[in-house]
Amino acid sequence: MAQLTFRIRRFQPGRGDTGWQDFSVESSPGMTILDGLHHIREHQDGSLAWRHSCRMGVCGSCGLIVNGEPRLACNTQVESLTGSRISLEPLWNFPVAKDLVPDLSSLFEKHSAVAPYLVRDDSEDDGSDGRELAQSPAELDQFLQFTSCIKCGVCMAACPTLASDPDFLGPMPLTAAYRYNADSRDSGFDARKTKLAGRHGMSHCHYAAECSRACPKGVDPARAIQLLKRDLVLDLLGVRRREPAPPVDGRAPRTRDGLQAPPFTVPSPPENPDE
Amino acid sequence: MRETAYWLINIACAIVILVLLGVHMGVMHLDAILARLVGTVPEPLAWENMVNRGKSTTQVVLYIVLLGTALFHGFYGLRTMLLEFFSSDRAARVITAGCVTAGGVLFVTGTAVTVVFALNGAG
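Taken in sequence, the protein lines are chains A and B. Quick note, in the working numbering, the first sequence goes up one by one and the last residue is 396. Quick note, in the working numbering, the second sequence goes up one by one and the last residue is 125.
Just so you know, these hints were derived from the structure itself, not from any lab. Predicted, not measured: the structure shown is a model, and the values here were computed from it. Heads up, some of the hints might be wrong.
Claimed, not checked - Stretch-level coverage of chain A by chain B, calculated; a stretch enters the list once three of its residues show a Cβ under 8 Å from a Cβ in chain B:
hint : stretch
1    : 272–286
2    : 312–320
Unchecked claim - Derived CB-CB ranges, DEER-like:
hint : chain 1 : residue 1 : chain 2 : residue 2 : range
3    : A       : R362      : B       : I66       : 31 to 41 Å
4    : A       : G204      : B       : I11       : 45 to 55 Å
5    : B       : I11       : A       : R162      : 53 to 63 Å
Even glycine gets a Cβ: it sits at the ideal position worked out from N, Cα and C.
Put together the whole structure using the sequences plus the hints.
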């Protein structure tokens, strides 16, 4: 088993950057960066701080910079890295709360600013009456890839535009906006348009595509942004199709691409649930 | 949607520039190949031919279109870079106004020179 050096950039609240600190860790087969950090905290420095939760690349909590590249600590094995020295920094383009913990407030503020949820013009179709908003597999394919985003912030740390313009929406919120714009059940394009077409919106993307290279879930935010640009241009030219899918109302509706969806009925609850 | 319009025009300008640069390369630098395809072509760097091109209506229009598209494309890129570093609304207004003014002055100057040359020739 090889001896590794974890070179960690430390930040303390109120004191800022306090420099790099080296920790020696013995590697083991299958060991991840996250395992190494746990080992350091348990055996060498209990004050070391970082974010994590699920340990399996789902929650998006443990994003950090590994050897100069934004990655998730839980799905980066030390054996996949070259050399015996591993440098770790908090995610770029975010303020630092402590050590490897970034303050992701700006990420979530920008995310919420693009209305990342289904918006319907017809307010009665909010689902409370049990009617289904039908969607064909082809319509689902329009945005399915982009639903894999776990909001880890890795793409935001990789974005060179965000590094120079902190007000730029960034790849994650723009991808989320496209995911809902492309959803046949959604009619919120106009509500999002002002934000997306603004000075810090999609036109500010230089298409460096670092976001897509860094994304640990294969979401391809750069593609989403290009598709978003296409939609905004088509809308500007007045040729964008934007009719939301009709609700199922006891009879088979036609979905946006013409397929028939089966009618949907909500099963009645049992009259005596205690029995 | 103004930013989307700017961006769309910028992309359109890039395509036009690409086409016009292709024409420029073909006429000015690939004349030997052009001659094989269409027969005899005038020597592009000869003084008389250069003056004749400058007096051709088609050439004048192409020069002005190239000037306009190149200026828009260039100043849009410059504005985008500057807005990354000065992102306040006031700075954005100043930068946009500066780019429009500088681009407008250069366009008018370049167009005037091209048209005057077309009308009066080199002498």
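We went through each hint and held it up to the structure:
no. : hint                          : in the structure
1   : 272–286                       : holds (count 3)
2   : 312–320                       : holds (count 4)
3   : A:R362 with B:I66: 31 to 41 Å : 37 Å, holds
4   : A:G204 with B:I11: 45 to 55 Å : 48 Å, holds
5   : B:I11 with A:R162: 53 to 63 Å : 54 Å, holds
When the structure is compared with the earlier hints, no violation turns up for any of them.
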